[in-house]
Amino acid sequence: MQARELVKRFGDREALKGVSFAAAAGELVAVIGPNGAGKTTLLSILAGIQGADGGEVETGDGAVGWVPQQAALYRRLTVEENLMLFARLEKHEDPLASVEEMLELTGLGERRGEIVARLSGGNQQRINIAIGLLSRPSVLLLDEPSVGLDPRQRARLWEFVSGLAVRGTTVIFSTHDIQEAERYGNRMLVLADGEALFDGSASELREAVRTEAPEAADRDFETAFVAYLHHRGH
Amino acid sequence: MRWLLLKDLQILRRSPLQAVLLVAYPVLIAVLVGLAVSRGPEKPRVALLNEVPANARVSLSGKKLPSANVQRRICAKVECVHVGSREEAQDKVESGDVLAALILPEDLVNKINSLSTLSPGTPKVEVLVNESDPLKASVVGDKIEALLAQANLALAKRIAVEGGRYLNLVIRGGNLPVLGGGVHVLGLQASAHILEAIEPALPNGPLKVALSQVTEFANQAGENLDIAGPLINRLAQPITVEKVAVGGSSPPLETFAIAVAATLTLAFVAVLLVAGSLALEREENAFPRLTRGLVSSAALLGEKVLLGIVVGLVVTMLMLAGLTIFVPLEWDRFGLWLAAIVVGGASLAAAGAALGAAAREVRAVSLLAFMVTLPVAFLSLVPSGTVGTGLYDVIKVITALFPFKPALEAITSALEAGNGSIGTPLLHLAILAFAYAAIARLALRRFTRV
Chain R
1 MQARELVKRF GDREALKGVS FAAAAGELVA VIGPNGAGKT TLLSILAGIQ GADGGEVETG
61 DGAVGWVPQQ AALYRRLTVE ENLMLFARLE KHEDPLASVE EMLELTGLGE RRGEIVARLS
121 GGNQQRINIA IGLLSRPSVL LLDEPSVGLD PRQRARLWEF VSGLAVRGTT VIFSTHDIQE
181 AERYGNRMLV LADGEALFDG SASELREAVR TEAPEAADRD FETAFVAYLH HRGH
Chain V
1 MRWLLLKDLQ ILRRSPLQAV LLVAYPVLIA VLVGLAVSRG PEKPRVALLN EVPANARVSL
61 SGKKLPSANV QRRICAKVEC VHVGSREEAQ DKVESGDVLA ALILPEDLVN KINSLSTLSP
121 GTPKVEVLVN ESDPLKASVV GDKIEALLAQ ANLALAKRIA VEGGRYLNLV IRGGNLPVLG
181 GGVHVLGLQA SAHILEAIEP ALPNGPLKVA LSQVTEFANQ AGENLDIAGP LINRLAQPIT
241 VEKVAVGGSS PPLETFAIAV AATLTLAFVA VLLVAGSLAL EREENAFPRL TRGLVSSAAL
301 LGEKVLLGIV VGLVVTMLML AGLTIFVPLE WDRFGLWLAA IVVGGASLAA AGAALGAAAR
361 EVRAVSLLAF MVTLPVAFLS LVPSGTVGTG LYDVIKVITA LFPFKPALEA ITSALEAGNG
421 SIGTPLLHLA ILAFAYAAIA RLALRRFTRV
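The listed protein sequences correspond, in order, to chains R and V. All the letters of the first sequence, read from the start, carry residue numbers 1 to 234 under the working numbering. All the letters of the second sequence, read from the start, carry residue numbers 1 to 450 under the working numbering.
The following block holds chain R by itself, in its conformation from the complex (with noise of 0.2 Å):
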């Protein structure tokens, strides 16, 4: 997936400034930021859920698959009638082993029969993800995906991703969390204020991070990160 040079306006206030970078096959991409960087309007643009005002996205043959912040799926159905009728309008020849597949991805299968609105978090977001694989995606957006996750099931979640970009999946998340995402990602997209102020690995940021703010280069990383963020004039 390639982004070149994308603007986003609301009104007077520009969104994204000319954000460009690329993921390639099988590459966990963080798209990091303080709130109001630009993270979920770069993704639903990628997403194809809103245009852009300016610039362009390269999506390849594959489907794109996206899973939102907030949980789209219907609360008063059963998980697996959820996904049933996701399969079903995904066109699946067989949407019933679709279902399965899911289920048994998600490890909750013995909770097919369940109203979903009665789930934990944790597992409404699991099915938020499933549902967003039932295209087959070769790209996954996940926009903040552990945003409310207990630890373990924030390990559970990361272990399921990650299973996923082991598998050839690119896959791109929005997050809030440092350290997640240094744990997790491959590359670090940072945004603020909508302008991408770097793109690299971990190991980069925190190079750069000592090359900018040096007096913070030796705190823990979180730390050292605002401190970049603030050298660079957010």
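Honestly, the hints are just simulated from the structure, not real lab data. Warning: the hint list may mix true and false statements.
[What the hints assert, rightly or not] Distance ranges between label pairs, derived from CB positions:
#1 PRO151(R) x LEU9(V): 33 to 41 Å
#2 LEU9(V) x GLY113(R): 16 to 24 Å
#3 ASP177(R) x LEU338(V): 56 to 64 Å
#4 LEU17(V) x ASP177(R): 17 to 25 Å
#5 GLY122(R) x GLN10(V): 21 to 29 Å
#6 GLY390(V) x ASN35(R): 48 to 56 Å
#7 ARG156(R) x GLN18(V): 34 to 42 Å
#8 GLY122(R) x ARG2(V): 26 to 34 Å
[Unchecked claim] Under the rule of at most 25 Å between Cα atoms (straight-line distance), these lysine to any residue pairs were calculated in the SDA-like manner:
#9 LYS91(R) x GLY302(V)
#10 LYS396(V) x ALA377(V)
#11 LYS91(R) x GLN10(V)
#12 LYS91(R) x LEU280(V)
Fair warning: this is a prediction, and the values are worked out from it, not measured in the lab. Yeah, the Cβ is synthetic: ideal placement off N, Cα and C, and Gly gets one too.
Chain V: place on chain R using the hints.
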């Protein structure tokens, strides 16, 4: 589209309160309308204090009626609650036990009887009403006035007959009963004959000329006063009403009531369900996921309108089926019912979709749908002539812009033959359906914002 429809029906099934309301509401409406159209209006409860002596007789134009007849006639029109005193009557009115109290004074019959004499009195009855509720007071006032108007008309007819008899006596002569005896009245015609007989015996001169003038007057008066009899009779009811129906036929009240109930049911089900269902897509964050290539927004809109039509049709037909317990319906016109309900449902559902697309939360959109549907439904029932011309023109424009009134007209036409053409309201509904669908599509663009 069918999978989305199935999903919406599954969600509906999972909402017990909503499902119960959808079934209970039409059943309740059906029962209420059924009872209302199959039973006449209840008689108002009125306290009656009758102080007229039991042996008093109403005597008019030679007929004597026991005063009990007066009471019986009153109690045929209202539900009489007999009381023993004025205080008791007043208490019952104040407590709301009765709508009003009617007091017939002791001298009522004597004064009624005096109306046919040469020294008529003024009969009076007393009515006590509780004016704390202006609506109720107005209804009671109308009932009592109607009752008294009937009594006055009956008396006026009798008095007119009595007046006619007096006039006849003046013209033709006869006995006038006075104080148990009788006085012979010569009459104009007999007077003229006598004068004519005397006139030749008189010598020519001023006296003969004067007598001739008097004779001529007596003849003219006798002949011309004859036509005054019918005039006096007309005084009792000078204006009679001849009702001629022009400008289209109006449906029987019972059919109209059923059509109103059916349209209300269809409107609430279609508008609320579609508006809520569309808003739910937003509330569940599913809209962007669906319209990312799985379904187009037009197809989603079509599915919602179809949902409104299907559920609206089922619920409205249930209601009509329930009504057949109370009122016979013309089931052989089922095809026309179907056309009216489907096209009306489509138009109402499209209006619901436009509302649903304008709001982001199910609760907000439900409230909005109620706030729009209920007043428009009430305005659609305002008949012409009951409000000022300017205001009625405004009402006509408002009700023409929402599908309730054309749906009501279509269902009224479909229910029974002779209730006007169904084509015009169906065309009106179709135009509104397209217009609201276009508005809904425009409003749906709001949903694409993340």
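Tell me the hint numbers this structure goes against, listed in increasing order. Going through the list in order, the structure violates hint 4 alone and respects the others.
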